[in-house]
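S.K.: The primary structure of each chain is shown beneath.
Protein chains: 2
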Amino acid sequence: MSGTNSGAPRGGIDLGGTKIQAVVVGPDHAVIGQARHPTPTEGGPEAVAAAMAAAMTEAAHQAGVETDALAGVGVGSPGDVDPKAGTVTSARNLTGWEGEFALGASLQEALGTRAHLGNDVQVATDAEFELGAGRPYRSLLGVFWGTGVGGGIVLDGRPWTGRGVAGEIGHVVVRIGGERCGCGRLGCMEAYAGRASMERRARHAHKKGAKTDLFKIMEERGRTRLMSGIWDRALRRNDPLATKLIDEAVEALGAGVASVQNVLDVEAIVVGGGLGVRLGEAFAMRIGDAMLPHLFDDLHPPAMHVAALGDLGGAIGAALLARPASVRAV
Amino acid sequence: MSGTNSGAPRGGIDLGGTKIQAVVVGPDHAVIGQARHPTPTEGGPEAVAAAMAAAMTEAAHQAGVETDALAGVGVGSPGDVDPKAGTVTSARNLTGWEGEFALGASLQEALGTRAHLGNDVQVATDAEFELGAGRPYRSLLGVFWGTGVGGGIVLDGRPWTGRGVAGEIGHVVVRIGGERCGCGRLGCMEAYAGRASMERRARHAHKKGAKTDLFKIMEERGRTRLMSGIWDRALRRNDPLATKLIDEAVEALGAGVASVQNVLDVEAIVVGGGLGVRLGEAFAMRIGDAMLPHLFDDLHPPAMHVAALGDLGGAIGAALLARPASVRAV
Numbered sequence: 239m240s241g242t243n244s245g246a247p248r249g250g251i252d253l254g255g256t257k258i259q260a261v262v263v264g265p266d267h268a269v270i271g272q273a274r275h276p277t278p279t280e281g282g283p284e285a286v287a288a289a290m291a292a293a294m295t296e297a298a299h300q301a302g303v304e305t306d307a308l309a310g311v312g313v314g315s316p317g318d319v320d321p322k323a324g325t326v327t328s329a330r331n332l333t334g335w336e337g338e339f340a341l342g343a344s345l346q347e348a349l350g351t352r353a354h355l356g357n358d359v360q361v362a363t364d365a366e367f368e369l370g371a372g373r374p375y376r377s378l379l380g381v382f383w384g385t386g387v388g389g390g391i392v393l394d395g396r397p398w399t400g401r402g403v404a405g406e407i408g409h410v411v412v413r414i415g416g417e418r419c420g421c422g423r424l425g426c427m428e429a430y431a432g433r434a435s436m437e438r439r440a441r442h443a444h445k446k447g448a449k450t451d452l453f454k455i456m457e458e459r460g461r462t463r464l465m466s467g468i469w470d471r472a473l474r475r476n477d478p479l480a481t482k483l484i485d486e487a488v489e490a491l492g493a494g495v496a497s498v499q500n501v502l503d504v505e506a507i508v509v510g511g512g513l514g515v516r517l518g519e520a521f522a523m524r525i526g527d528a529m530l531p532h533l534f535d536d537l538h539p540p541a542m543h544v545a546a547l548g549d550l551g552g553a554i555g556a557a558l559l560a561r562p563a564s565v566r567a568v
Numbered sequence: 239m240s241g242t243n244s245g246a247p248r249g250g251i252d253l254g255g256t257k258i259q260a261v262v263v264g265p266d267h268a269v270i271g272q273a274r275h276p277t278p279t280e281g282g283p284e285a286v287a288a289a290m291a292a293a294m295t296e297a298a299h300q301a302g303v304e305t306d307a308l309a310g311v312g313v314g315s316p317g318d319v320d321p322k323a324g325t326v327t328s329a330r331n332l333t334g335w336e337g338e339f340a341l342g343a344s345l346q347e348a349l350g351t352r353a354h355l356g357n358d359v360q361v362a363t364d365a366e367f368e369l370g371a372g373r374p375y376r377s378l379l380g381v382f383w384g385t386g387v388g389g390g391i392v393l394d395g396r397p398w399t400g401r402g403v404a405g406e407i408g409h410v411v412v413r414i415g416g417e418r419c420g421c422g423r424l425g426c427m428e429a430y431a432g433r434a435s436m437e438r439r440a441r442h443a444h445k446k447g448a449k450t451d452l453f454k455i456m457e458e459r460g461r462t463r464l465m466s467g468i469w470d471r472a473l474r475r476n477d478p479l480a481t482k483l484i485d486e487a488v489e490a491l492g493a494g495v496a497s498v499q500n501v502l503d504v505e506a507i508v509v510g511g512g513l514g515v516r517l518g519e520a521f522a523m524r525i526g527d528a529m530l531p532h533l534f535d536d537l538h539p540p541a542m543h544v545a546a547l548g549d550l551g552g553a554i555g556a557a558l559l560a561r562p563a564s565v566r567a568v
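First to last, the sequence lines map onto chains A and B. Under our numbering, the first residue of the first sequence is numbered 239, with each subsequent residue one higher. Under our numbering, the first residue of the second sequence is numbered 239, with each subsequent residue one higher.
It should be emphasised that the hints constitute simulated quantities derived from the structure, not laboratory data. For every residue, glycine included, the Cβ atom is placed at its ideal position computed from N, Cα and C. Any given hint might turn out to be false.
As the list claims (entries may be wrong) - Which chain A residues face chain B? A few, computed with CB under 7 Å, are given here:
no. : residue
1   : GLY400
2   : HIS409
3   : VAL410
4   : VAL412
5   : ARG413
6   : HIS442
7   : VAL501
8   : ASP527
9   : LEU530
10  : HIS532
11  : LEU537
12  : ALA541
13  : VAL544
Claimed, not checked - A few chain A residues that don't get close to chain B, going by computed Cβ distances all over 10 Å:
no. : residue
14  : GLU280
15  : GLU296
16  : PRO321
17  : GLY389
18  : THR399
19  : ARG401
20  : GLY402
21  : ARG439
22  : LYS454
23  : ASP535
24  : HIS538
Modelling step: build the complete structure from the supplied sequences, incorporating the hints.
M.R.: This is how it looks when you write it as structure tokens:
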């Protein structure tokens, strides 16, 4: 299989907790087709796989190809990913995906081309390292601030994935005995900074009478969840509850990411994810400032960047998995 | 210089906050001479270097050689170590060592053999990886629980030192806005678990009337600081204050080391340092238990070990720096 179709377009799918982003890229990694579908919240992994195939098909048609003409499709998935077996187990933040599911085989069947699975956060980090904000550096931490808070690590030019689950920076403890996280544990950074936790806390405070426009903006936009754009809008209006919860999120990110930096001492930190990309440069700098009081080497803080590939980084990174070199490596 | 004296004994010095441990090892790393001196608390780096040379000379005489017959002397030092320049800047937990000091040149002058500097915690971790409890593994975190809490990292068989200050696990934040650490920051793991912080908190509680035998034991032993053995004795007597402070230290180590494991996902954790070695296996297991509630991959916790080289690991690791291979590498 190696060597064939090396110039053919490749597909990439970023499977997120709220959306599925599919892209088709050319040999130079330029995006020539894209589609975004909401992640199904019912129907389990089968429904999610069907929605992924539909998004990929739409992106391929936009690029003017059928999916079986793609050199392959890469997938960045949450959960416990086994790239060799093509399976994903207990995908966090996705409903009804506790057990193992043969996502690779399901997509290959639907799309007529080979599927390559990888960890969502790691492929997005690899994309920033190779094509985005991380290009000038040899070591990098990707901080993906969205539904949860994920981390991807590149050390001395190579991804570090440990025994398979390295980079779980969202579950760095920032306050022993603190807020309960979506993972069930107490005091994780994600319990303060993950959008799912922030929404839970906002709903609770709203019910208790806290003044906020968050839910009004949500209804105006016909949404049922507090998407990143809603937080952004509320912040611009100086909404007191949104401001308070985002301040606490930035404080937690400051402590948690500084802790990780004290351990890894990387050259640069790239902030991505739904909230990270939406809130942009100003918030990457705010996180950098919030890190300073906790940074051991505060005379040499790491460079702070927003993910240069933006919202599409995860999908573009996934498409890297479908390169001929990756085919040979598998 | 390379290739000469490859079979000659090598020296190793572990420079700690309270003691200087020197060893002489044979080509098989067996210890053939050793000496331990207290770390001078007056006279700055010059006094410390003189005490290091005295300890090394004593260890060499025990091994039946003069120091100028050693193939070289390795040093594991705290602070900002520049191995190429042979300098150490702002050595933490040592008094009067804020600026840069040419420790390498000073020791070479006193000992008549080449000195090789390295980070104290990293050389101790390398020693456990190569010769001690870490031998079965490819990735490792060394947790050195003593005056402070230091960390050494081995990933895929190689030390990871970042831009020079990786592994500062003592300054992982376990409680935003928590206790003040010796480093001046708030809520660091070391603020709860470092022996210097524990002593500060014990003195404060004692002054406020807390019941404890810690200071009685200290006086009986003719000490002015709460050394590891004093904590051990007090714990065995079920001293209430010692028990409370050690419980809090273990809780902080559990959260902080679990945070590091969530990021690195290494195969094994080796607990060393003055307190780690003194309290031994039972406490390494207690730290492992305290990690579990915070461990993302709690179904696959890392293996927990006590440093197999014990108190001498730092000095034996330092002696690794003086191997001919290291000479060539420099």
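S.K.: Each hint should be assessed against the structure and marked as holding or not.
M.R.: Hints and how they fare:
Interface restraint check: GLY400/A against chain B, minimum CB-CB distance 3 Å, threshold 7 Å, status holds. A hinted interface residue such as HIS409/A counts as satisfied when its beta carbon comes closer than 7 Å to some beta carbon of chain B; here the least separation is about 4 Å, so the hint holds. Interface hint at VAL410/A: satisfied, since its Cβ lies 4 Å from the closest Cβ of chain B, which is below the 7 Å cut-off. The restraint placing VAL412/A at the interface with chain B holds, with a minimum CB-CB distance near 5 Å, inside the 7 Å limit.
At its closest, the beta carbon of ARG413/A sits 5 Å from a beta carbon of chain B; the interface hint therefore holds under the 7 Å criterion. Taking 7 Å as the C-beta cut-off, the interface hint given for HIS442/A is violated, the closest approach to chain B being about 20 Å. Using the Cβ-Cβ criterion of 7 Å, the hint placing VAL501/A at the interface with chain B is satisfied: the shortest such distance is roughly 5 Å. Because the beta carbon of ASP527/A sits about 15 Å from the nearest beta carbon in chain B, more than 7 Å, this interface hint is broken.
Taking 7 Å as the C-beta cut-off, the interface hint given for LEU530/A is violated, the closest approach to chain B being about 10 Å. For HIS532/A, the interface hint holds, the least distance from its beta-carbon to any beta-carbon of chain B being 5 Å, beneath 7 Å. Below 7 Å, beta-carbon pairs count as interface contacts, and LEU537/A has none with chain B, the closest being about 10 Å; its hint is therefore violated. Because the smallest distance between the Cβ of ALA541/A and any Cβ of chain B comes to about 11 Å, over 7 Å, the interface hint for this residue is violated.
The criterion of a C-beta within 7 Å of any C-beta in chain B is not met by VAL544/A, whose closest approach is roughly 22 Å, and the hint is violated. Every CB of chain B is more than 10 Å from the CB of GLU280/A (nearest about 27 Å), matching its label as outside the interface. No beta-carbon of chain B comes within 10 Å of the beta-carbon of GLU296/A; the shortest separation is about 35 Å. Every beta carbon of chain B lies more than 10 Å from that of PRO321/A, the smallest distance being close to 16 Å; the non-interface claim holds.
GLY389/A, annotated as away from the interface, has a beta carbon of chain B within 10 Å; the closest lies near 7 Å. Remark: the non-interface label on THR399/A conflicts with the geometry, its nearest Cβ contact in chain B lying 7 Å away (cut-off 10 Å). The Cβ of ARG401/A does not lie farther than 10 Å from every Cβ of chain B; its closest approach is about 5 Å, which violates its non-interface assignment. Annotated as non-interface, GLY402/A brings its C-beta within 10 Å of a C-beta of chain B; the closest such distance is 7 Å.
Consistency note on ARG439/A: stated as away from chain B, and its beta-carbon is indeed over 10 Å from all of that chain's, at 16 Å minimum. Distance to chain B confirms LYS454/A as a non-interface residue, since its nearest Cβ pair spans about 31 Å, more than 10 Å. In this structure ASP535/A is not separated from chain B by more than 10 Å, as the shortest Cβ-Cβ distance comes to only about 5 Å. With a cut of 10 Å on Cβ distances, HIS538/A falls inside the contact zone with chain B, its closest approach being about 7 Å.
In summary, the structure is inconsistent with hints 6, 8, 9, 11, 12, 13, 17, 18, 19, 20, 23 and 24 from the numbered list given earlier, while agreeing with the others.
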